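Peer 1: With chain A's structure known, arrange chains B and C on it following the hints.
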Amino acid sequence: MANEVTKTMPPSTRLRQTDVGEVTVDIRTPDLEINFGPQHPATHGVMRVLMRTDGELVTGAQPHLGYLHRCAEKIGENVEWLQYLPYTDRYDYLASMNNNLGYSLAVEALLGVEIPRRATLIRIICAELNRIGSHLVAFGTYGLDIGAFTPFLYCFREREWMMALFEKICGARLTYSYIRIGGVFNDAPPGWFEEVARFCDVFEQKWPEYVDLLLVNQIYVKRTANVGVISREMALDFGLTGTMVRGSGIDWDLRRDMPYMCYGEIWRDGAFKIPVAKGEMGALGDCWDRSWVRVMEMMESIKIVRWCLDHMVDGPVIGELPKTLKVPAGEAYVGIENPRGELGHYVVSDGGKVSVRTRVRGPSFCNLAVLEDILPGALVGDAIAIIGSTDIVVGETDR
Amino acid sequence: MDFQGILDRLVAIRAPGLVKADEPRKPDPKDKKDKGRAGDPFVIVEPALLASFVEACRDDDRLHFEQLVDLTATDPSKDSADLWINVQLLSLKFRHRLAIKALLPKSAAKLPSLVPVYRASQWHERECAEMFGIVFEGHPDPRNILLPDDWVGSPLRKDYEFPKEYHGISCE
Amino acid sequence: MTPALALAQQSAAVEVGSGSNAFLEGLVAALGAYLPMWALWLGAAVTGVAIVMGLISLIAMFSVWLERKVAGHIQCRYGPMYVGWHGWLQSIADGVKLLLKEDMIPRDADRVLFMLAPALVLAAIVAAMAAYPLAPGVFFADIDLGVFFVIAMSSMTTIGVVMAGWASNSKWTVFGAMREAAQVVAYEIPLGVALLVPVMVAGTLNMREASEMQSGWYGMGWFMFKNPFMLPAFVLYFIAALAETKRAPFDLPEAESELVAGFMTEYSGIRWSFFFMEEYAAMFLMSALAAVFFLGGFESPLTWAAGEFFGRELFVKGASGATELNLQAIPYHAVAGLTLLVKSFAGIFLMMWLRWTLPRVRVDQVMTMGYKYLTPLALVCAIGAALWEAGKQALLG
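Keeping their order, the protein sequence lines are chains A, B and C.
So for the first sequence, the numbering used here puts the first residue at 1; every next one is plus one.
So for the second sequence, the numbering used here puts the first residue at 1; every next one is plus one.
So for the third sequence, the numbering used here puts the first residue at 1; every next one is plus one.
The shape of chain A in the complex, shown without the other chains (with noise of 0.2 Å):
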């Protein structure tokens, strides 16, 4: 680990992996003191990492956080069950769906509901249509921090449609509160499968177009290529989940090995994959394999999507719900697998209808605490490319 090399070596024969090898830095300049953020183009939102650097070479990073936080977990312990259901859009605001998806199992899990059959397969297309359009949005800022500014708008032309998708349902754009608990809001309107068969279709021929601009791009690959690298010893000791810890060769996926709605029935139809990387291009867990397990995930979204679309059921999409809900004294853990990881809510209830805790564990926070220690060692522009493939929504890790 180059990493470890760095910490260990005294400062003025420090090492750096390289393309070409190992390079000794022995030309100490005195160190420079930055401040990455709040404001700064790449940061995705306004997070500030504090940077030593000596030169190009980043010697230390120190992550500080907390300009986006929004006091959701106070919120939880002061609003009503279904009235917190609107703050749950907010933290990781690239997948609200999935966001919705994630408190509304917790919820559930408490009460013991039973879910229709309908609004489960509508709640996966929905899950999955969201976390296609956050990787692209992953996948074309990322392009974005390495310099390429086209793919990012080849990205947006499909997650446009993907929202247009949304609005049909549910009528808002980025902040949905459309799965609820017990549920979904309201049935699809008429067409609106067909639509999204058609988007699945449409994605299918426009997917290779990333894949050739961006991630097999030369440039693309020498630029993330060995940098950022995660082992795997690393991606378990920090808890990364999802596509970080995907992308460190671990093969693991909530939707798989902890099934939670009718995913263990899709697996078993053996209608996904589950892309794990294998270091094609360089080190095992490098910023290259985990946008690579970004842009083949898409793909498997969409198989998810259209196996739902095949066994789609009539019936109500929504349980008998009292409108005051209370939820039954107990406590429990919901963890799902989102675009960014295992976002976890866990939720306490003493039987009212006031939360006593609701506690929202997000992925991008655990997956950015692996910061401090892997941008030692990288250079400023390796920096912004470790950012960026951590895949990080700042309304997730300050909440």
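Calculated from the structure, these hints are not laboratory results.
As the structure is a computational prediction, the values presented were derived from the model and not from experiment.
Some hints here could point you the wrong way.
[Said to hold, decoys possible] Only pairs whose alpha carbons sit at most 25 Å apart, straight line, appear in this in silico PhoX-like list of lysine-lysine:
| hint | chain 1 | residue 1 | chain 2 | residue 2 |
| --- | --- | --- | --- | --- |
| 1 | B | K30 | A | K326 |
| 2 | B | K101 | A | K74 |
| 3 | A | K74 | A | K278 |
| 4 | B | K35 | A | K353 |
| 5 | B | K78 | B | K158 |
| 6 | A | K323 | B | K101 |
| 7 | A | K273 | A | K206 |
| 8 | B | K93 | A | K273 |
| 9 | B | K30 | A | K74 |
| 10 | B | K106 | A | K74 |
| 11 | A | K326 | A | K303 |
| 12 | A | K74 | B | K110 |
| 13 | A | K326 | B | K35 |
| 14 | B | K26 | A | K353 |
| 15 | B | K101 | A | K353 |
| 16 | A | K278 | B | K35 |
| 17 | B | K26 | A | K326 |
| 18 | C | K69 | A | K206 |
| 19 | A | K323 | A | K353 |
| 20 | A | K326 | B | K110 |
| 21 | A | K353 | B | K93 |
| 22 | B | K110 | A | K353 |
| 23 | A | K323 | B | K26 |
Peer 2: Chains B and C alone, transformed into the frame defined by chain A:
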């Protein structure tokens, strides 16, 4: 492994600090006040031995909890004498989870840090410390993480009073 | 020739191919009786500078519009559409906006250097632009060391950039300035060596003369086809020119996702637009150099036909012995000038195309590429071309 299996194994390896298990149950039909308990089963652990407990969970071959998924705290009510420390462990190998709860007296909200066992808990502990006023002994970097460095009080405690102003800015 | 005339020839004024300054001569003929010589000289110089400045502004404006349209169409959108037909007036609107913007200087900046830097950058590029031949018979300065002069002057802009980065008193701008200095030093060498190849074939550094030498084969006698080492030299030159003009994928000094805007982070308003103008003028000049030394300069079958039809001499000795303007040859010169313009903008288009397609390389990769690959390859090209030329002379006499 299901919860019962994990519990048996924990007892078998004499996991340090294990107090008891708490499983969801149906309301008792005879006792009208008893509402039962919904949700997940969990184990209750001595807070002082929490670090050694999770270490035992991590190192045991058949439990194999490689990941600490979440560490948080809960203030159940204003009157409660205890805070809860809630830990979620996950085994990727055996595909099971374990929820751990430690009851920490509010009067002495101190416990050893879990960072030597799982580095994942580093930021979670910082968040817990600032939100609940819990001291994690031996934490390598005990600064505030989401709140400003000069924030007064522990916002997620039930007896927290909202400040009237912050640096001269009125919050009314 | 008087010393004043010689000086004017070096600075700027429309000039006749033979080496006399037609514009100044015309001024002398018209106003010589009323004004002293130094005033006429000054007038000619100021006019020349004004013309170059105007040309640079026009090129920059058109390039900015072109860039936005190219970027738009590459990215499945239209680009500017509202100001004028397909937004062709957008650049003017932007220019007015930039002029009206507040001119901010950070409190802790080095005020003098901060204000001087954009001026220096623009001055260097204006000077470099003086060597650009408008048409075979119309140019500002017929400099025998043309290529040398252009490269020297366009590297002067680096000093302005470093100055701007340092004077802004911000860490990010210093990063940008350091990168610019390192990058330009690294790429100056392959750029110069790659240009050496056509220069060797041409045997001249003068841009106008080099262009004239490619008029054979019905206007297709481009240097590109005269030596097998010319194509690799052209590719090397183009890559080095991208780095020299700070264009993607070598836009590290202003890498917006890394350094916010690099050395220009603290600039705003008209000062910022000076840097912008410099960038586009430098792109234009680099493309023009490529056009002149690799792609035939003024020459194309169309130019050749126009030359055959209309005649090539813009100035002829009249019956009385005085130099006279040959109005008949004007279409030929217009076609020739346009040909070079089109070729230059084709180069700019290629640069834009690359910018909107490729990601940015990392700083150490830029250096590796410059020193380890481009420089040796350029040297190989130069040596190979030299041997080829020597062999050709030995064999064919």
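Peer 1: It remains to establish, for every hint, whether it holds in the given structure.
Peer 2: Status of each hint after checking the structure:
1. With a CA separation close to 22 Å, the supplied pair K30(B) and K326(A) stays within the 25 Å bound.
2. About 20 Å separates the Cα atoms of K101(B) and K74(A), which keeps this hinted pair within 25 Å; it holds.
3. A C-alpha spacing of about 41 Å is found between K74(A) and K278(A), which places the hinted pair above 25 Å, so the restraint is violated.
4. Of the supplied pair hints, the one linking K35(B) and K353(A) holds, its CA atoms being roughly 15 Å apart against a limit of 25 Å.
5. Taking the CA atoms of K78(B) and K158(B), the gap is about 5 Å. The hint holds against a cut of 25 Å.
6. Restraint check: the Cα-Cα separation between K323(A) and K101(B) comes to about 32 Å, which exceeds 25 Å; the hinted pair is violated.
7. Restraint check for K273(A) and K206(A): satisfied, since their Cα atoms lie roughly 20 Å apart, inside the 25 Å limit.
8. With a C-alpha separation of about 18 Å, the suggested pairing of K93(B) with K273(A) holds against the 25 Å cut-off.
9. For the given pair, K30(B) sits about 36 Å from K74(A) by alpha-carbon distance, which is inconsistent with the 25 Å threshold.
10. Annotation: proposed proximity of K106(B) to K74(A) holds, straight-line Cα distance about 19 Å (limit 25 Å).
11. Restraint check for K326(A) and K303(A): the C-alpha separation of about 37 Å exceeds 25 Å, so the hint is violated.
12. A C-alpha spacing of about 22 Å is found between K74(A) and K110(B), which places the hinted pair at or below 25 Å, so the restraint holds.
13. This hinted pair checks out: K326(A) and K35(B) have alpha carbons roughly 12 Å apart, not beyond 25 Å.
14. Under the criterion of a C-alpha separation no larger than 25 Å, the hint pairing K26(B) with K353(A) is consistent with the structure, at around 20 Å.
15. With a C-alpha separation of about 24 Å, the suggested pairing of K101(B) with K353(A) holds against the 25 Å cut-off.
16. Distance restraint check for K278(A) and K35(B): the Cα-Cα separation of roughly 51 Å exceeds the 25 Å cut-off, and the hinted pair is therefore not satisfied.
17. Under the criterion of a C-alpha separation no larger than 25 Å, the hint pairing K26(B) with K326(A) is consistent with the structure, at around 16 Å.
18. Among the hinted pairs, K69(C) with K206(A) is consistent with the structure: their alpha-carbon atoms are about 23 Å apart, no more than 25 Å.
19. Between K323(A) and K353(A) the CA atoms are separated by roughly 11 Å; this keeps the pair inside 25 Å, and the hint holds.
20. Restraint check for K326(A) and K110(B): not satisfied, since their Cα atoms lie roughly 34 Å apart, outside the 25 Å limit.
21. About 38 Å separates the Cα atoms of K353(A) and K93(B), which puts this hinted pair outside 25 Å; it is violated.
22. Simply put, K110(B) and K353(A) have alpha-carbon atoms about 32 Å apart, too far for the 25 Å limit, and the pair is violated.
23. Restraint check: the Cα-Cα separation between K323(A) and K26(B) comes to about 24 Å, which is no more than 25 Å; the hinted pair holds.
Hints 3, 6, 9, 11, 16, 20, 21 and 22 from the earlier list are contradicted by this structure; the remaining hints agree with it.
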